[in-house]
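Residue-level listing of the chains:
There are 2 protein chains.
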Amino acid sequence: MSDTPANRFRPPAVPKVKIAGFWGPRIDVVADKTVNILFDRCIAAGTLDQVDPALPVPDLRIPFQHGNSVTTQMFWDSDFGKIIETAAYAIDRKRDPGLERRIDEVIDAYARLQAEDGYLDSWFQRMRPGERWTNLRDCHELYNMGHLIEGAVAYHHATGKRRLLDVMCRCMDHVIATLGREPGQKRGYCGHPEVELALVRLARATGERRYLDLATYFVDERGRSPNYFDGEAAARGESGEDFWFGTHEYSQSHRPVREQDKVVGHAVRAMYLYSGMADVATETGDGTLVAPLERLWADLTEKNLYVTGGLGPSQANEGFTFDYDLPNESAYAETCAAVALVFWASRMLGRGPDGRFGDIMEQALYNGALSGLSLDGTKFFYENPLASRGDHNRWTWHRCPCCPPNIARLVASVGSYAYGEAEGEAAVHLYCAGEADLDLGGGRRLRLLQDTHYPWSGAVRLTVGLEAPTDFVLSLRIPAWAQDPTLSVGGEAIDVAAVRVKGYARLARRWSPGDVVELDVGMTPKRLYANPKVRQDAGRVALKRGPLVYCVEAVDNGPGLHGLSLPEAAEIRDAFEPELLGGVVALSAAARTDAADWGGDLYREVPPQRRAAALRAVPYYAWDNRAPGEMLVWLRADGVEASARDGEGQA
Amino acid sequence: MSDTPANRFRPPAVPKVKIAGFWGPRIDVVADKTVNILFDRCIAAGTLDQVDPALPVPDLRIPFQHGNSVTTQMFWDSDFGKIIETAAYAIDRKRDPGLERRIDEVIDAYARLQAEDGYLDSWFQRMRPGERWTNLRDCHELYNMGHLIEGAVAYHHATGKRRLLDVMCRCMDHVIATLGREPGQKRGYCGHPEVELALVRLARATGERRYLDLATYFVDERGRSPNYFDGEAAARGESGEDFWFGTHEYSQSHRPVREQDKVVGHAVRAMYLYSGMADVATETGDGTLVAPLERLWADLTEKNLYVTGGLGPSQANEGFTFDYDLPNESAYAETCAAVALVFWASRMLGRGPDGRFGDIMEQALYNGALSGLSLDGTKFFYENPLASRGDHNRWTWHRCPCCPPNIARLVASVGSYAYGEAEGEAAVHLYCAGEADLDLGGGRRLRLLQDTHYPWSGAVRLTVGLEAPTDFVLSLRIPAWAQDPTLSVGGEAIDVAAVRVKGYARLARRWSPGDVVELDVGMTPKRLYANPKVRQDAGRVALKRGPLVYCVEAVDNGPGLHGLSLPEAAEIRDAFEPELLGGVVALSAAARTDAADWGGDLYREVPPQRRAAALRAVPYYAWDNRAPGEMLVWLRADGVEASARDGEGQA
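Going line by line, the protein sequences match chains A and B.
Under numbering that gives the first Met the number 0, residue 650 is the last one in the first sequence; the count climbs by one each step, no gaps.
Under numbering that gives the first Met the number 0, residue 650 is the last one in the second sequence; the count climbs by one each step, no gaps.
Note that these hints are calculated values from the structure, not bench results.
One thing to keep in mind: the hints can contain errors.
Intra- or inter-copy, both count: the list cannot distinguish identical chains.
Capping the alpha-carbon separation at 20 Å, the derived lysine to aspartate or glutamate pairs in EDC-like fashion look like this [claimed, not checked]:
#, residue 1, residue 2
1, 532, 328
2, 32, 229
3, 525, 600
4, 32, 285
5, 532, 596
6, 501, 600
7, 532, 555
8, 185, 517
9, 93, 375
Put together the whole structure using the sequences plus the hints.
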C-alpha cells in the first residue's frame, strides 16, 4: 500500500470512539433493541436455513418485484453481513454474550458453507448450484460478499475474533483468482457496487495490498466497452437489450467511471460506487479519480439532492431522474441512499478536511438517513418523503430489508464518521459529546474529549489529551450555515476567518496535554429556499436549525398542512423541550392558515379566507413517532404585507 | 317504451342541427382530416384484416400493457365503431362518396363476419374462436358491440342506410337470448360499460323496447353478489382473487349500482356506466336510479374533478384515487374520460334542464375534452395534465387508440349536445352559432337560429322559427359563472332572476314566428381558487373566461412557469387575437417572476429576487399547438401587498 498521498485521512475504528450526547442513546437503542429485531426477523424469514449447510435446502420462492427468476433471498447474505456489522458495534458498546453467541453461530454456518475454493454465496451455493458467476449484473454475488467483509472487519475490531475475517479473505482470494484481466479470468464486476469499498476496508484491516488492487480493478473495469453485462447476458442465451431495467445507467456501468459526470440510475448503487472510487483514490493516490468524483459531487449536491440529504426521487429506478426534479410527497429518497451518501461524503474527506463534504455528510446523517429509524429503534422507513398525507408510516419490516440494518449500522458506528486521523493531523467532522482515541502517526496518540449538547446547542468544548506536548494540526469543521462562529484555544480568542481553510478551522500548533478549545458555531433557526429550477418548491420555504431540517406535523398543527403559510417576517422561535420526542428543540412561529369558511364547492371565485395559526415544527428525523398524520417540510411562504393583510378582520 | 316521464328530454339527432361559429371549423377539420387519419391508421394497423372473413386470419400479437394474454386487437371493433360514427357525422356535414364507400366496405365485412346466430366480435371470432362469453370482465365483447351500435345508429341517421343497424339488431337479439336471468342464460354484463348507453340509442332509433330492457338488465345486474366476474373466472379455472386489477371497483361492479355513492375505478368505465344509468332512468322513468346518480354526480363534481373537466388523476387505474387528489403534472385525465363526462352530463339533462349538468358538460367539452385534439385535427392527447415540463405533446397515434376517435366523434356531433327537445319544451344547453330543427311533440317543430360569437362573446341572439304561434317552454342555460346576465324577448327586458329555474331561464309563453331572444351571459376574465383540501392547488389561482379555462405556456411567457405569480390585485385584460391559435381571446396581466440572480446553489437562505413580468394566457384547449414547452394552469397567487413589495427596487 505504497504510493499514497501523505495526508491520507482515515476514520478511526468504532472501538476507538466513545459516544454520548445526542447519539449515545440512539446507539444504545440499536444495541439493546434494533440489532436483535433485525436478527430475529432474518431468522424468521428463513435466512439461516439458506446459509447453514447442515439444514435442508429450503424451498422458498419469495417473489421479487421485477417478476423474473430471482428472489429477495438473493440478498440475504448482505442482510446477515449488515447485521453482523451492527452487532459488532453493539457488542463494542456493551458486551452482550448472548448476541455474540448468535453471531458466532451464523459465522460458523458461513465457515461450513464456504466452498473448497473459497467461494461463498448462500443463494448460489444452495439455491442455484452451478450458476455462480453467470449473472453479475443482477445477482449481487460480490455485493453480498462485500457486506460480509464489512461485517467481518467490524466483528474483528469489536471482538478480536478472526474467523469470519479469514473466511472472507479466502473468499476474496478466490475472487482475485476468478475475476480480472488475465487469460481464463472473467472481466466482470458487480451490478450492485459495494464490494469496492468493502475491499478497501479489508485492505486496511489486513494490510494486504491485493484487496486494494482488486477494488481498483473493479473501479477501473466498470463500464468499459464492450459492456461486460451484455456479454454475460449473451452467454446466458439472453439479449443484452432485454435487460429488465433497460439501461446500464441503472448500475453506473454505462461508461467508464472516469468519464462519468452525472449521477444516474439506482441511487444506492451510485453512492456505493462513488464511495469505492473515493476510497481507492485515497489509498492509491490515483488523482485521475478526483475530477470525476468532483463532477459527480457537484451534480448531486447542486442539482439532485433533497434538503434533507435524501436522494433518488423516483421509485421506478430507486434513483435519479433529471436535474432539479425533487418531488416531495412522492419522493423515494430511500434510507439506504442517504446512508450511502454519508459513506460517500465521509470518504471524500479521505484527501483532507473539506467542509463541502463534511456539511453534506452531516445533513444526510441527521435528516434523510436518521429518519429511517423510529425513535424506539423498532420500525423503519424505506422511503423518506418530504410531505405526507399521513399514510406513510414506518414499517416493522420490508420485503427487501436492506434499509433497516443499513441505518442501524450507520447509527451504531457514527463515532467513526465524526473524526479523521492522518499523519500529524486530526479532524473533527461531527460534533458529539464523547471521546476519541486518534492516531497521529509515529506512535503519537491524541485523546480528544468533546463536551457539547450539539445539535441542540452550537457550543463545543474540546479537551486535548496527549502524553506530551505535540505538534499537530487539529481541524474543526465550521459548517457553512454557522453564523458568526467563535473559537478560542486556552481561553484565547481566535479569528475564525483567519484560520478557516476549506470550511474547517485549521489549528496548526504545538498542543499541550489539557489544552481546551472552545468553539461555538451558533444555532439559530433559518429559512431555506430552493433554487427556482426546483419547480416543486417554488414559493416555498423550509426551516432549518443547525444541521437539522424541520417539518410540520398534523399532530402539532392540525390537518390541512398545505393551507399553512409562513409569513416572511415572522420570527422563528426555538426552545428545547425535554419531553418532546425524546428531547428536541422545537420551532414555532406565527403563521397563517385557511379559515373554515369553505363549503362544499370544489372551485370558487373567492380565495379561501385566512386566519392566524401557531406553527410548530419538529426535527424531520423525528417525524411519524407520535400519531400518524400529515407532514410537510416545504411550507408555503407568504410575503410580509400579505401576512398583515391576512391578519385583518377576515378570520 | 311506456311508463316514461312526460318531460323526457332527448338530444336531437346530429342531422337536425347545423353548426357554425366556434365549432363549425372544428367539425370541418374532423370531416376533412381527422376521420380519414383515423381510418387510415386503423387499416394500417391491420384492423380490417382482423374483421374481414375473406382475408386470412392475421397473426398479430400486439402486446398489451398488462402482460396477460389479451392484446389491443381486442378493442378494434370499438375503434371501427367510433370511426363509423365519426364518419357518419362527417358525411352529414358534407357528403363524401369516397369516405362513404370506405365505410360501406367495412360494414360489408362486418355483415359477412357476423355469425349465423347473430354474434359479432372480430377478435373472438377470428383470433379466439370458441372462447366467446368466457371473459366478460376483461375482453370487451359487449363494449365493442356497443360502439358498433352507436356507429350503426349514426350512420343510419346520416345516410339512411340500414345494413349495419340491422346487423347490430341481430347481434343484440343474440345477446338478449344469451345473457339474462332465464335458465340457461349467463347472468353477465360487460367489464367495460358502454353497451348500456348504446342500447338506449338503439331503442330510440328503432323504437324497440327490448333493447331498452337489455340495457336495464345490464344496469340492474351489475355488481350483484356473488360477483359474476368471480364466477366466470372460476369457470375459466382461475381464482377471482387473481384478477389482474385486484378490485371490482375498477369496473364499478363492486356493488349494485343503486348502492354506489363514490366514483371509483377506471374513469371512462365509470362515466359510461353512469351515462347508461341516466339514459335508463330517463327512458324508463325509474326513479330509484336518480338518487345514486345524484350522489355520484356530487362525489365527482365536488371532490374529484379537475377545473378543466378532466377526471381520473391516476395512470395506475386510468381512474380515481381518493377525494381531492388532483395532481397537475401527473394528471392522467384521459381524453376519453372528459368526453365520457360530456356524455354523462348530457344524459343527466334527460330529466329536464339543470344548470349543474349543463355547466359541467360545457366545462368538460371546452377544456379537458377538446384539448385531446390538435387544432389541425391530426394529433391527439391521451393524457391531459394541467402542468407540463414541455415533454407532453400530442401523439400522432396511441398504442390503445381509444381517445382519437372518441374526441373526433364528440366534436363532430357537438350540435346534438347543444339542445334538448321534449313534449312542449326545448332547451338550449350550449351556445353556438347555427340552427336547430327541434321536435316539440304533436307534430310541432321549432326552428331555432342562434347568432353568437360564443365563447368569445357572451351575447347570443336567438330567432324562433315556427309555422304558427305555438305555446312551448324555451329554457336557456344561464351558466353559474355568468355575471349580471341580461335577457330580452322581442326587445322587452326580462328579469333573469325571476325566470331562472335550476340554472336555466325558463321562458314559458306563446311564441310567434320570428320572435327574437337576446341573451348576454357576459364574458369577463375570472380567477378561480380550489377547495383548500386540494393540496396540489393550495396558494394557487386559475384563470377562466366564460367556459374556457386558461393556461400559460412557455412560448408566450418564457420557461420557468413555476416562478410566475399572479398578484391578487392585478387586472386581467382580455382581447380577441384573430391570428393567434386560429383566433382566440388571450388574457394578460402584470405578474411577477424570479429575477435571474440565483447562482448554482441548490438551497440558500435568501429567497429568489422577484421582477415584473407580463403574463399571457391562452385557452387550455389550444395548448401545445405551437412550440413545445412548459404549460401551467394553476399559477402561484400573490397577495396584493406582496406584489407591491416585490415591485420595489429588487429587479
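Checking residue 532 and residue 328: alpha-carbon separation at most 20 Å within a copy, between copies, both or neither?
-> Answer is both: 18 Å inside a copy and 15 Å across each meet the 20 Å cutoff.
Which holds for residue 93 with residue 375 at a C-alpha limit of 20 Å: within a copy, between copies, both or neither?
-> Classified as within: same-chain Cα gap 18 Å, cross-chain 75 Å, threshold 20 Å.
Taking 20 Å as the upper bound on the Cα-Cα distance, should residue 32 and residue 229 be classified as within, between, both, or neither?
-> Neither: 44 Å inside a chain and 46 Å across chains, both beyond 20 Å.
State whether the alpha carbon distance between residue 525 and residue 600 is at most 20 Å within one copy, between copies, both, or neither.
-> Between copies only: 16 Å across, 37 Å inside.
Could you place residue 32 and residue 285 in one of the four classes (within, between, both, neither) given a Cα distance threshold of 20 Å?
-> neither (42 Å within a copy, 64 Å between copies)
20 Å Cα cut-off: does residue 532 pair with residue 555 within a copy, between copies, both or neither?
-> between (31 Å within a copy, 18 Å between copies)
Which holds for residue 501 with residue 600 at a C-alpha limit of 20 Å: within a copy, between copies, both or neither?
-> Classified as between; 17 Å across copies, 56 Å inside a copy.
With 20 Å as the alpha-carbon cut-off, assign the pair residue 532 and residue 596 to within, between, both or neither.
-> Between. Shortest inter-copy distance 12 Å satisfies the 20 Å Cα cut-off; intra-copy 34 Å does not.
Have a look at residue 185 and residue 517 and pick one of within, between, both or neither, based on CA distance no larger than 20 Å.
-> neither (55 Å within a copy, 85 Å between copies)
Hint compliance for this structure: hints 2, 4 and 8 are broken, all remaining hints hold.
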